[in-house]
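Listed below are the residues making up each chain.
Number of protein chains: 2
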Amino acid sequence: MEKKYSIGIDIGGTTTKFGIVDDKGIIIEQGRVPSNKHEVVEDFIDDLYEGLWPMIGRAGGVKNIIGIGMGAPNGNLYTGTIEYAPNLKWKGIIPIASLVKKKFGLDTKLTNDANAAAVGEMIYGCAKHMKHFITITLGTGVGSGIVIDGKIVVGHDGFAGELGHTVIRHGGRLHKSTGIHGSLEAYASATGVRETAIELLTAHPETESLLRDYTINELTSENVYDCAIQGDTIANQIFDLTGEILGEALANFVMFSSPEAIVLFGGLTKAGDLLMKPTRRSMEANLLPIFQNKVKLIYSQLKEADAAILGASALVTAE
Amino acid sequence: MEKKYSIGIDIGGTTTKFGIVDDKGIIIEQGRVPSNKHEVVEDFIDDLYEGLWPMIGRAGGVKNIIGIGMGAPNGNLYTGTIEYAPNLKWKGIIPIASLVKKKFGLDTKLTNDANAAAVGEMIYGCAKHMKHFITITLGTGVGSGIVIDGKIVVGHDGFAGELGHTVIRHGGRLHKSTGIHGSLEAYASATGVRETAIELLTAHPETESLLRDYTINELTSENVYDCAIQGDTIANQIFDLTGEILGEALANFVMFSSPEAIVLFGGLTKAGDLLMKPTRRSMEANLLPIFQNKVKLIYSQLKEADAAILGASALVTAE
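Protein sequences appear in the order of chains P and L.
Just so you know, we're using our numbering here: the first sequence kicks off at 24 and counts up by one.
Just so you know, we're using our numbering here: the second sequence kicks off at 24 and counts up by one.
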């Protein structure tokens, strides 16, 4: 009997999402476990097993499963290891592909989480038929997947496409887990939006804002969005500034690989036009004329996390 | 009789270099014409013809020539046009490949000048056998050629690889011909070094410097080098600052495509270790740990301009 299903796992900074994918690219069942509560990776894998094993059972057992594809921050396609991921608790080099393979008894492949999302977008999403595009994930951190000539760019060592860690503001805000100042991730992530909120609220104590009703811990990008659509000035400034910085970075990326489109994913994209408008304006303003008004800047049309799960699962089915 | 020779033409911001290349990649004869003195491109082509036609004659005439390969700023491989090149006098869209073809009666192809240099480096230079590398030309301007999986990256529209125009200092020095503030080219070009010299000399009127013996017009990157090797403090600071900014930009590029090497070309590389040391230090300091101490940072071993002439000529011989 032919194996019908593959498994896609997307390890994010906060949450790991996983799903069973059928041969038409439909996620027939999915679940999630936290990524940031286990000090050692084996405990994380135990949790993952607890969530995923019953699903495998309902799909007819391992005999029905082709294999497991995983996406993770700093995941290396060549070695199957997560190496020094700044947004994960497990430090050093983590041989996660071989650990998962052993636990489940299934062939397991790993790639960078954002690369997995780019593959999902290329196979099932709005980048279908595109040969040159970049995906940027605006989540807890900022991930990226770069496609050139229809192929994911992994570079000489397997780690290419870490655009969230490029510096866009020399001497700017400290990104705590890397020690880099002024990287894109320090601004255009959920964490960055929160920091921008705190900075603006502190810098303008005289300006009234609905955001002042939240405690520091409650100041999330979602709450900033809620206040912004109610017309709150500071909340709107937060998205304007985030978009301005993101747009400048995107302009730099366009001048590198001249993509047909940039596809934005992740939690921050829920802000819709509040983020899209300043981002697009800033990107265009920072491009050389030859690149202006050419690049499609779009939000992913795939359900959140689906792209990464689908793209990860494609690691084992594309062979 | 088989055609033995090809022609490579490298159009730079100041000078155009051209040569007749034999089937072993030897430049058997070469010459140059200025690029920046002709208001209309037809006059430039007339000058080029005057220099090149006698060489073609000595090579046995057009019957011995496969074709002409050209590299130019904003040169587009797909269309054969130079489009809105900020460092050239000819504005708008210049159909230079068809004009040269008509003038010489030879098949003519065009690409970006820095891409041509990258091809030359890949076929004849220190990037031989490398599948992932970036070349950066530090001349009048800053050009770049990006190779991924053994292929030049031209992107969706043919214009990829304009790394000199990426912004590395938000709100920084104005780059006059583009209007962009803080682009790499505003600092890490011969023009940028000159501006840094003027800025530092003006900012520190109390500091003695050999550079003060030069008139403003004489303040070239060559003179800064001459003073720096004599131990002049400001001259050394100029290269330190240039290297610091260049290294930050290179770190960003590494996190994009994770190349095996970055090959530096062009006039500024004559500064040797004076530029290389601060550049390397700054690049490493700005990289995520996973990228540190991996990327070879090297000066091109090809004679200046040879790489671009050879790479351009390969446009017509590689078929």
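Each hint should be verified, as a subset may be incorrect.
In this list, chains with the same sequence are indistinguishable; a pair is considered to hold if it fits within one copy or across any two.
[Claimed, not checked] The list that follows gives simulated cross-link-like pairs (lysine-lysine, BS3-like), each with its CA atoms no further than 25 Å apart:
id: 1; residue 1: K319; residue 2: K26
id: 2; residue 1: K174; residue 2: K86
id: 3; residue 1: K317; residue 2: K174
id: 4; residue 1: K112; residue 2: K125
id: 5; residue 1: K27; residue 2: K300
id: 6; residue 1: K199; residue 2: K126
id: 7; residue 1: K27; residue 2: K154
id: 8; residue 1: K319; residue 2: K124
id: 9; residue 1: K114; residue 2: K317
id: 10; residue 1: K199; residue 2: K317
id: 11; residue 1: K300; residue 2: K126
id: 12; residue 1: K151; residue 2: K174
These aren't lab readings, by the way, just hints derived from the structure by calculation.
Hints versus structure:
In this assembly of identical chains, the alpha carbons of K319 and K26 never lie at most 25 Å apart, being 38 Å within a copy and 45 Å across copies at closest. In this homomeric assembly, K174 and K86 never come within 25 Å of each other (Cα to Cα): the closest approach is 30 Å inside a single copy and 41 Å across copies. Taking the closest pair of Cα atoms, K317 and K174 come within 25 Å of each other both inside a single copy (21 Å) and across two copies (23 Å). In this assembly of identical chains, the alpha carbons of K112 and K125 lie at most 25 Å apart only when taken from the same copy (21 Å versus 64 Å across copies).
For the identical chains of this complex, K27 and K300 are neighbours neither inside a copy (43 Å) nor across copies (56 Å), given an alpha-carbon limit of 25 Å. Proximity of K199 to K126 under the C-alpha cut-off of 25 Å is found in neither arrangement, the shortest distances being 33 Å within a copy and 60 Å between copies. Taking CA atoms no more than 25 Å apart as the test, K27 paired with K154 passes in neither setting, with 28 Å inside one copy and 37 Å between copies. When the C-alpha separation of K319 and K124 is checked against a cutoff of 25 Å, the pair qualifies neither within a copy, at 39 Å, nor between copies, at 35 Å.
Taking the closest pair of Cα atoms, K114 and K317 come within 25 Å of each other only across two copies (20 Å); inside a single copy the shortest separation is 41 Å, beyond that limit. In this homomeric assembly, K199 and K317 come within 25 Å of each other (Cα to Cα) only across copies, at 24 Å, whereas the closest approach inside a single copy is 35 Å. In the homo-oligomer, the alpha carbons of K300 and K126 never lie at most 25 Å apart, since the shortest distance is 46 Å inside one protomer and 48 Å across protomers. In the homo-oligomer, the alpha carbons of K151 and K174 lie at most 25 Å apart both inside one protomer (13 Å) and across protomers (23 Å), since each shortest distance falls under that limit.
Checked against the numbered hints listed earlier, the structure breaks hints 1, 2, 5, 6, 7, 8 and 11; every other hint is satisfied.
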